[in-house]
Amino acid sequence: GENVGLHLPTLSVQEGDNSIINCAYSNSASDYFIWYKQESGKGPQFIIDIRSNMDKRQGQRVTVLLNKTVKHLSLQIAATQPGDSAVYFCADLKAAGNKLTFGGGTRVLVKP
Amino acid sequence: GAVVSQHPSRVICKSGTSVKIECRSLDFQATTMFWYRQFPKQSLMLMATSNEGSKATYEQGVEKDKFLINHASLTLSTLTVTSAHPEDSSFYICSARDGGRLGTYGYTFGSGTRLTVV
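For the record, the sequence lines run as chains A and B.
For the first sequence, this note's numbering begins at 1 and goes up steadily by one.
For the second sequence, this note's numbering begins at 1001 and goes up steadily by one.
What the hints contain is simulated information worked out from the structure, not anything from laboratory work.
We put the beta carbon where it would ideally sit given N, CA and C, even for glycine.
Keep in mind that the hints are not guaranteed to be accurate.
Claimed, not checked - For lysine-lysine, the following DSSO-like pairs were computed, each having C-alpha atoms within a straight-line distance of at most 27 Å: (1) Lys111(A) to Lys42(A); (2) Lys1064(B) to Lys99(A); (3) Lys1041(B) to Lys42(A); (4) Lys71(A) to Lys1064(B); (5) Lys94(A) to Lys1014(B); (6) Lys1055(B) to Lys56(A); (7) Lys1055(B) to Lys1020(B); (8) Lys68(A) to Lys94(A); (9) Lys1064(B) to Lys94(A); (10) Lys99(A) to Lys1066(B); (11) Lys1064(B) to Lys111(A); (12) Lys94(A) to Lys1041(B); (13) Lys1055(B) to Lys1041(B); (14) Lys1014(B) to Lys1041(B); (15) Lys111(A) to Lys1020(B); (16) Lys1041(B) to Lys1066(B); (17) Lys42(A) to Lys1066(B); (18) Lys99(A) to Lys1014(B); (19) Lys71(A) to Lys56(A); (20) Lys42(A) to Lys68(A); (21) Lys68(A) to Lys56(A); (22) Lys1064(B) to Lys1020(B); (23) Lys1014(B) to Lys71(A).
What the hints assert, rightly or not - Negatives, chain B to chain A, calculated, CB over 10 Å: (24) Cys1013; (25) Ser1015; (26) Lys1041; (27) Glu1063; (28) Asp1088; (29) Ser1089; (30) Gly1112; (31) Arg1114; (32) Val1118.
Just chain A, same shape as in the assembly:
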């Protein structure tokens, strides 16, 4: 079945440093890969997405890399701030099915 998973459950990072969150996926048929941020007691917030025919996309302080050869997705956060402390999920979307499938999540803790 479909599976989008993560390597690290928790990531502690010093404020100002860069963060890298990784995700492995098994379904090659997805059209989009997306990163969401979830703060405690809230719903997920969209961060950035990447189409399956791309390998890199940049946003404001965030970069998503997609390596289809090894089925690996990563999110890089530059100059991590206290407000970045949250759980980050990767998800995939097959446009035809319209269903978002979520990965296991990584908790990012930013140390002042």
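Given chain A, work out where chain B should sit, using these hints.
Okay, now just chain B, sitting in the frame of chain A:
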């Protein structure tokens, strides 16, 4: 931007009773709405997909008679947990898809409902 309102944010109910959770798209028409369940320190698991005016499609292992979903309008979907038991205690999150937006930008999540069954 797109806003999805979910109510209540927290609810405590007695075992055996039913609880209704509402999900509203405030500034767009939601052609499709999704209901997820999230246990502590775990990921979101899709329960069902609903399209306005039609029956919901449930994921494998989700009891449709226990989790009743109604999507009667383009801005409102409800999830009713019937005959709730303590094992139904969880964080329930809805997502609404704006049919007028392409790709992944059309998915907006509610703020979730913490259900505790005692």
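So, going through the hints one by one against the coordinates:
1. Lys111(A) to Lys42(A): Given that 27 Å is the threshold and the Cα spacing comes to 22 Å, the pair holds.
2. Lys1064(B) to Lys99(A): holds (18 Å)
3. Lys1041(B) to Lys42(A): Answer holds: Lys1041(B) to Lys42(A) is near 13 Å, not above 27 Å.
4. Lys71(A) to Lys1064(B): Measuring from Cα to Cα gives roughly 34 Å; hence the hint is violated.
5. Lys94(A) to Lys1014(B): violated (39 Å)
6. Lys1055(B) to Lys56(A): violated (39 Å)
7. Lys1055(B) to Lys1020(B): Given that 27 Å is the threshold and the Cα spacing comes to 17 Å, the pair holds.
8. Lys68(A) to Lys94(A): holds (15 Å)
9. Lys1064(B) to Lys94(A): holds (24 Å)
10. Lys99(A) to Lys1066(B): holds (22 Å)
11. Lys1064(B) to Lys111(A): It is violated: about 44 Å lies between the C-alpha atoms, which goes past 27 Å.
12. Lys94(A) to Lys1041(B): Roughly 26 Å separates the two Cα atoms, so the pair holds.
13. Lys1055(B) to Lys1041(B): violated (31 Å)
14. Lys1014(B) to Lys1041(B): holds (24 Å)
15. Lys111(A) to Lys1020(B): violated (40 Å)
16. Lys1041(B) to Lys1066(B): holds (24 Å)
17. Lys42(A) to Lys1066(B): Given pair Lys42(A), Lys1066(B) holds - Cα atoms ~24 Å apart, limit 27 Å.
18. Lys99(A) to Lys1014(B): violated (32 Å)
19. Lys71(A) to Lys56(A): holds (14 Å)
20. Lys42(A) to Lys68(A): violated (31 Å)
21. Lys68(A) to Lys56(A): Holds - the C-alpha atoms of Lys56(A) and Lys68(A) are around 11 Å apart, at most 27 Å.
22. Lys1064(B) to Lys1020(B): Roughly 14 Å between the alpha carbons, so the hint for Lys1064(B) and Lys1020(B) holds.
23. Lys1014(B) to Lys71(A): Judged against 27 Å, a Cα distance of about 45 Å means the pair is violated.
24. Cys1013: Holds, because the least Cβ-Cβ distance between Cys1013(B) and chain A comes to about 19 Å, which exceeds 10 Å.
25. Ser1015: holds (24 Å)
26. Lys1041: At about 8 Å from chain A, Lys1041(B) fails to clear the 10 Å cut-off, so the statement is violated.
27. Glu1063: holds (19 Å)
28. Asp1088: holds (18 Å)
29. Ser1089: At roughly 15 Å from the nearest Cβ of chain A, Ser1089(B) sits farther out than 10 Å, so the non-interface label holds.
30. Gly1112: With a cut-off of 10 Å, Gly1112(B) comes too close to chain A, as the shortest Cβ separation is near 5 Å.
31. Arg1114: At about 7 Å from chain A, Arg1114(B) fails to clear the 10 Å cut-off, so the statement is violated.
32. Val1118: holds (19 Å)
The structure is inconsistent with the numbered hints 4, 5, 6, 11, 13, 15, 18, 20, 23, 26, 30 and 31, although it conforms to all the rest.
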